[in-house]
Amino acid sequence: MIRIVSLPKAAVAGVCGALAWTAVLGGLQFLGLPSFDIVKELGTLAFAPDEPLRWGAVGLAAHAFVGICWALVYAYFFWSRVTWPPALQGLAFSIVPAILALFIVNPQFALMHLHRDAVPLTWETVLPSISLAQLGGLLLGHVIYGLAVGAIYTRPVGYGAEREGSVPHLPRRAANKPPRDRRQAGRGFMFATGIECSYPTIEHGRWRRDEMAATRHYARWQDDFELALDIGITHIRYGTPLHLIFKGPGSYDWGFIDEALAYLHDHGPEPIVDLCHFGVPTWLGDFQNPEIANALAEYAAAFAARFPWVRFYTPVNEMYVCARMSALDGTWNEQRRDERAFAAAAFNLAQASIAMTGAILAVRADAIFVNSESSEFCQACCPDPEIQRIARFENERRFLPLDLIYGHPISDGMRMHLRDHGIADADIAGVMAHNVPIRSIIGVDYYEWNERLIDSDGHPRALGELFGWYVIASQYYDRYQRPMMHTETNRMDASDGPRWLWRQWHNVQLLRSAGVPLVGFTWYSLTDQVDWDIGLSRAVGNVDPVGLADLNRDIRAVGLTYRRLIEMHQDQPGYRDCPALARLLAS
Amino acid sequence: MSGFLAAHGYDPGPTQRPFTSGAIAGLLATPPAIFLLHLLGSLAVEARILGLSVIVTIVAGCLVMGVAGALYARLLGRAANDVRGGWLFGMAFAFALWAAGAVFVLPLVGNGELPAGRGATGVFLSLVLWGGCLGALLPFVHRRIHLNLDQPGLAENLGPSLAARSPSKQ
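Chains as they are written, first to last, in my numbering: chain B, 1 to 587; chain G, 1 to 170.
In case anyone wonders, no lab produced these hints; they're calculated from the structure.
These numbers come from a predicted model, not from an experiment.
Where is the CB? At the ideal position from N, CA and C, for every residue including glycine.
Don't take each hint at face value.
[Stated by the list, open to error] Residues of chain G placed beyond 10 Å of chain B at every Cβ, according to the derived structure: (1) Phe35; (2) His38; (3) Val45; (4) Ser53; (5) Val54; (6) Ile55; (7) Val56; (8) Ala60; (9) Val64; (10) Trp98; (11) Phe140; (12) Arg144; (13) Ile145.
[What the hints assert, rightly or not] Taking lysine to any residue and the SDA-like style, the derived pairs with C-alpha atoms no more than 25 Å apart in a straight line are: (14) B:Lys9 / G:Leu97; (15) B:Lys177 / G:Leu154; (16) B:Lys177 / G:Leu147.
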């Protein structure tokens, strides 16, 4: 697994480790105990022993440099390979430099102190005798170094939620892309990708995950858009960082977003703006806060007023997943694990989506909403009535947020469940009493883990692609009867990405041929993502190779495949002018 | 060990040429290292140990460093191809290489002597300098020699029939 490495953190850890070694062993020497003076050993390579200030400075700098080098090796190759406490991980790692120090590095330094330019290779020259004090000093020094590096080098991605800064102000370079062809804009089938942008908190609200930061989109936003255009992408799901922009009631810091959206306006791809993606600003707390609907509606209105040309919006992304991960699985944000908290989160998220939709429509009456949701399906493993009940309940629960925003009748069982967990019938009726915008598209995401088997213990297990997107998406279409879009898919195994892409595409074609009004397809995301293999639950920095391009923006095989797919289809009848989208726009 | 190394690259993308870019960057990083070797008197020591003239030693050094650069770029993949931190990663790589005993190659292929004194210091410092230059140069070289997306045949095997392929092993 490739890791994101925080170079500054690794450098600080290495320097601190070296300084801690020097301080502790210096202290032992000061107390008159025999030890090993690594600073003198290194410093006297450059200056005579009677110049302590000079050799001290050089020796300390050299030791710090060596400390940085080993800390980088630790960060790239060893960090988080085991789930031990960080300091112990560092301690275990320090065995490597300790052994090399004993058998190679220290003997080499001894050779460097000789006043000869070459010596014969013998056991005596490569393994000079070492005193017990030297041996003890070397080992103790490495123990201290390892503990310090391990303790300091943690969480290479994300940042303290209380220290959230502002969105970087990055200027736009001269574009090397032609202006967007507006005659074509908006009528063709949407060949989309997205910029991964999740920003939930973990560690009970103390640590912010920020995928745009981890994937370096803030620094490389223009490269990302140009890469998307090179692939042939027509639409891009784009989640502006709500947690950094929305500073408080009436207070916004737009940062580079002005420049980024201006680029998308001028050159494309056309954005599908995602306003809330798994997190809220620290000052709003979490999804248990009933005030988030009003607050996010204010934000949505401000966004729509600032960027009046934006047509496509996802007010809240994957409400079901967000509520589940935050309030039922205990992973993000409020990190609760109870049904009451889940009901509150799902209800608040749906309320927020409805309020944001209304606020956007007040500014732009012809806005189009892509209500993206994760497709889920649970299959009971056996005829056991309890297992059947769990599967039925989960298959009902997956629809809850969409039912609320689309005003679809909620089943009696689910209504009773909500009632038992703090959501009164009147609250439900209040939320559902709104006009659903005609220009709404159901976005159905699909990954290999979306289909689950409820096993004989009542626990869900990932099934892989059993029924496939066609079957699951059909269930969503049958329920809501609205235009649809495949809004997310990818494959964790990069080598299997091209095969997966074509299979998903064939699902899309089959659903279209069955008469379902399908308006778009999305490979998510443009670049690799970070830590999604562990559901963003810990700040480890694992790079998941799911992107059309890697984090250096070098295209992957799946990116080339998508390019070929788009070239093959974009000018075909039914794709160049997508009838389903045309009908939606005319509505 | 292969697991540790595999952690840093994944297979290179279809437009990447890691071997070539690594070899070029490795070669380009060699002159500063040779200059430092010469400055500290280590070049003559190396030549003597290897039993070669200084010129031949330089040529051999360039070849070895080109190969080392190619392996560095291929094995360490994305970690090596980093504009911001490549120089530091390259230095750390070179240091680790030295600490792992790279210097013992000299006596093994030469007359059985090891550099010592200033000669040994020069070998160490020049290797670290080479690593820093290699790491700094690689991302820029890599960008220059990318295959173009429109290269004929690049997406030849990526057509719709892939859907019928068996899933690859995870």
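Hints, verified against the model:
1. Phe35: Correct as stated: the minimum Cβ-Cβ distance to chain B is 18 Å, above 10 Å.
2. His38: holds (14 Å)
3. Val45: violated (5 Å)
4. Ser53: The assertion about Ser53 of chain G holds, with a minimum of 17 Å to chain B.
5. Val54: holds (14 Å)
6. Ile55: Its Cβ never comes within 10 Å of chain B, the nearest being 20 Å, so this holds.
7. Val56: holds (18 Å)
8. Ala60: Check passes; 18 Å lies beyond 10 Å.
9. Val64: At roughly 19 Å from the nearest Cβ of chain B, Val64 of chain G sits farther out than 10 Å, so the non-interface label holds.
10. Trp98: With a cut-off of 10 Å, Trp98 of chain G comes too close to chain B, as the shortest Cβ separation is near 8 Å.
11. Phe140: holds (12 Å)
12. Arg144: holds (13 Å)
13. Ile145: The claim holds: Ile145 of chain G sits with its nearest Cβ about 12 Å from chain B, beyond 10 Å.
14. B:Lys9 / G:Leu97: holds (23 Å)
15. B:Lys177 / G:Leu154: The given pair, whose Cα atoms are some 22 Å apart, holds under the 25 Å limit.
16. B:Lys177 / G:Leu147: holds (19 Å)
Checked against the numbered hints listed earlier, the structure breaks hints 3 and 10; every other hint is satisfied.
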